[in-house]
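Residue numbers (our numbering), protein chains in the order written: chain A, 443 to 851; chain B, 443 to 851.
Hints are computed from structural coordinates only; laboratory data are not their basis. Please note: incorrect hints may appear among the correct ones.
Stated by the list, open to error - Chain A is nowhere near these chain B residues, computed Cβ spacing over 12 Å in every case:
1) P451
2) A463
3) D581
4) A698
5) G708
What the hints assert, rightly or not - The list that follows gives simulated cross-link-like pairs (lysine-lysine, DSS-like), each with its CA atoms no further than 25 Å apart:
6) K499(B) - K784(A)
7) K499(A) - K784(B)
8) K584(B) - K477(B)
Unchecked claim - If you want the footprint, here are the derived chain A segments under chain B, 3+ residues with CB under 8 Å:
9) 529 to 535
10) 602 to 615
11) 668 to 676
12) 699 to 706
13) 761 to 770
14) 793 to 807
15) 833 to 842
The beta-carbon is built from N, C-alpha and C at its ideal position, and this holds for glycine as well.
Number of protein chains: 2
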Amino acid sequence: MANAIPVSPLALPLPELPKLAGVRLATGEAGIRYKGRTDVLLAEFAEGTTVAGVFTKNLCPGAPVTHCREILKGGLARGLVVNAGNANVFNGAAGLRAVEATASAAAQTLGTTPEQIFLASTGVIGEPLPAHKITAVLDQLKADLAEDRFADAARAIMTTDTFPKAATRSARLGGVEVRITGIAKGSGMIAPDMATMLSFIFTDAAIPAPALQAMLSKCVDHSFNCITIDSDTSTSDTVLLFATGQAHNKPSEDPAALADFRRALGEVLHDLALMVVRDGEGAQKLVQITVEGAVSNASARRIGLAIANSPLVKTAIAGEDANWGRIVMAVGKAGEPADRDKLAIAVGGTWMAQAGGVAPGYNEAPVVAHMKGREIDIAVDIGLGAGRATVWTCDLTHGYIDINGSYRS
Amino acid sequence: MANAIPVSPLALPLPELPKLAGVRLATGEAGIRYKGRTDVLLAEFAEGTTVAGVFTKNLCPGAPVTHCREILKGGLARGLVVNAGNANVFNGAAGLRAVEATASAAAQTLGTTPEQIFLASTGVIGEPLPAHKITAVLDQLKADLAEDRFADAARAIMTTDTFPKAATRSARLGGVEVRITGIAKGSGMIAPDMATMLSFIFTDAAIPAPALQAMLSKCVDHSFNCITIDSDTSTSDTVLLFATGQAHNKPSEDPAALADFRRALGEVLHDLALMVVRDGEGAQKLVQITVEGAVSNASARRIGLAIANSPLVKTAIAGEDANWGRIVMAVGKAGEPADRDKLAIAVGGTWMAQAGGVAPGYNEAPVVAHMKGREIDIAVDIGLGAGRATVWTCDLTHGYIDINGSYRS
């Protein structure tokens with residue numbers, strides 16, 4: 443079925459993905475749900491690799507999320523196992539047993555303990571995960587481990603994504619150049635339930651786990667936490683950042699020393715987050731919404747997400763209609779301080795609405811032209827304060843209904 | 443364009459709508475936006491008519507909402523003017539001038555003051571309301587006033603609704619039988635922006651304004667505030683309740699004396715609210731979601747609305763897929779206390795998920811049959827407390843995209 447959906451018109455090509463010291467990868471065909479494609483990823487990390495993680499806020503998380511949250515306290519990672527096709531969510535005790543079986547087998551394969559094996563699963567909810575299909579291929583995966591497999595890794599974790607997603611940057615840290623490479627999968631669903639957002643970031647930098655966690659949390663807040671496809675929150679969302687230390691930089695927790703690394707990490711996460719939006723179900727347009735003049739940055743983000751999650755705004759964009767009345771509505775429903783008589787709205791840089799009415803001398807022509815493009819830019823000025831935020835979403839199209847309204851196969 | 447959308451398969455016929463002492467109605471063609479159909483309603487109330495109102499929580503409300511909120515403090519009403527085709531929202535000072543012009547002219551026509559003329563407008567946002575088109579027909583409307591025009595009134599306030607909506611009940615109050623009749627319009631959009639929910643309720647009972655307001659607020663909370671089409675909140679939502687006193691019951695504020703009236707009012711509002719859902723944009727199925735076992739009734743309602751507003755749940759229902767994994771997701775994202783291992787989910791009375799996994803011996807056949815029907819019943823037991831709530835929504839279909847994703851004409 444995966445081939446029935448055409449590649450997103452917003453797709454980007456994979457960048458060059460250089461090797462990264464301390465990370466070896468292998469992918470294989472466990473046959474969990476898909477046939478004739480890779481569906482499992484094994485990553486091996488150098489001894490002493492530190493780790494940070496951010497997980498779904500959904501209160502019904504999958505068993506792998508529970509496992510990762512627990513072992514993250516140790517701050518160290520030797521391995522990562524990811525499978526596509528089954529999310530291992532809402533499987534009760536059987537879900538936890540599948541996690542234990544996979545972590546134990548991978549620990550034995552890599553010569554470590556289950557407390558250093560991170561796991562992520564993505565796919566159908568509520569079907570038992572056949573862990574034996576994963577453990578059966580671990581020896582072969584170990585034999586295949588190699589440093590130059592990031593593109594393969596990005597492909598193996600896809601469920602119904604229409605293109606693989608990866609980004610890479612270099613940064614100066616502690617006197618040396620370090621590299622950060624990330625892969626992600628998003629929510630391009632065909633078989634329903636398969637909408638987990640997973641992302642794995644790897645770096646050869648040496649960074650203590652607490653500093654790594656602080657940077658990851660902050661950067662996720664400005665990237666993956668600023669995107670929305672349809673307001674629904676997966677039970678499996680996972681972002682993990684592994685730092686192998688093989689670049690042999692001087693480890694530091696000093697914010698100034700880490701500034702360039704933080705910049706590069708932010709860019710990698712930003713790129714990956716926007717790729718997830720570009721592969722949103724049925725997406726035909728990438729929408730950037732910038733909110734200024736709110737009473738705080740948090741308020742600006744909530745207003746931005748209210749606009750981004752509004753089905754009426756999203757369908758208007760799908761129809762190439764710069765319908766600012768619906769943006770007014772979405773601002774007003776956000777529950778944040780707003781004054782309709784101070785509100786201003788621009789699309790593609792043209793101010794359409796100002797001071798509680800249509801902007802004086804408003805000319806629709808440049809807006810109509812902008813709405814026909816692939817990348818839509820909406821700016822909202824609340825007119826009350828200095829709070830600002832940018833969020834991203836996609837339009838809501840017939841493709842979304844096609845993908846999500848079909849029977850499970 | 444309005445004729446392009448077929449009548450909702452969930453439509454209900456208009457009931458018999460008896461006369462109601464103290465209410466006279468007339469409808470006319472002001473030609474504000476539509477041609478060849480009525481688009482304006484004038485209601486005249488007997489002297490001493492008390493009034494209660496509930497309005498949108500949207501912070502960018504229309505000028506008529508601002509007007510009604512202000513004059514509601516007086517507690518008395520002699521007239522109501524409603525127009526369809528233009529919402530008079532986000533028109534700045536011009537919007538307020540249109541309100542003043544309409545209220546003044548209607549007050550003169552009915553021999554009262556603008557402070558007793560209630561107004562509601564529904565239609566396009568951000569286009570100046572041509573109030574002169576309304577005031578031009580007021581004399582003719584006055585000449586046409588009659589008691590038996592509820593069906594005409596229900597039709598005149600429609601924008602892109604596919605069927606007129608009305609409900610009526612009788613109740614015992616203060617030794618006499620009184621009647622409550624309500625009309626409503628919902629959100630069946632063709633031209634974008636036209637999604638206002640308006641409802642006007644009339645009774646011949648004599649009830650002081652404070653008691654009327656208390657009952658209306660409570661009943662709206664359990665009816666119109668428990669429905670959602672797409673999570674978007676109109677800038678014009680208005681519910682007004684007029685009590686003419688012409689049944690000559692003994693006025694009372696005693697809750698026991700008002701119990702039967704409150705029951706009947708609740709039923710009228712419940713019927714109207716469900717009609718709005720039945721005419722939701724693109725609706726093919728009416729969905730009732732009952733949440734039990736939450737930590738409070740308010741928590742249960744928030745969980746219910748999280749399920750009802752989930753695009754993934756709604757598209758699954760459109761696809762006749764009893765996808766309980768998505769319901770688990772929606773419960774978990776609601777932000778309310780929940781424990782995946784205590785959660786249970788039933789569709790059409792069949793428990794599918796229990797205790798964190800698939801229900802033992804779960805048989806899909808009755809659920810598959812239920813999902814093919816027009817009315818879908820979802821029950822969720824959170825397993826934590828005694829809080830319960832019921833909310834209603836419709837499915838999310840291609841029709842919604844067709845209706846809301848087309849260019850403005």
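Now the hints, each set against the structure:
| no. | hint | in the structure |
| --- | --- | --- |
| 1 | P451 | holds, 16 Å |
| 2 | A463 | holds, 39 Å |
| 3 | D581 | holds, 31 Å |
| 4 | A698 | holds, 37 Å |
| 5 | G708 | holds, 26 Å |
| 6 | K499(B) - K784(A) | holds, 18 Å |
| 7 | K499(A) - K784(B) | holds, 18 Å |
| 8 | K584(B) - K477(B) | holds, 21 Å |
| 9 | 529 to 535 | holds (count 5) |
| 10 | 602 to 615 | violated (count 0) |
| 11 | 668 to 676 | holds (count 5) |
| 12 | 699 to 706 | violated (count 0) |
| 13 | 761 to 770 | holds (count 8) |
| 14 | 793 to 807 | holds (count 5) |
| 15 | 833 to 842 | holds (count 4) |
Checked against the numbered hints above, the structure violates hints 10, 12; every other hint is satisfied.
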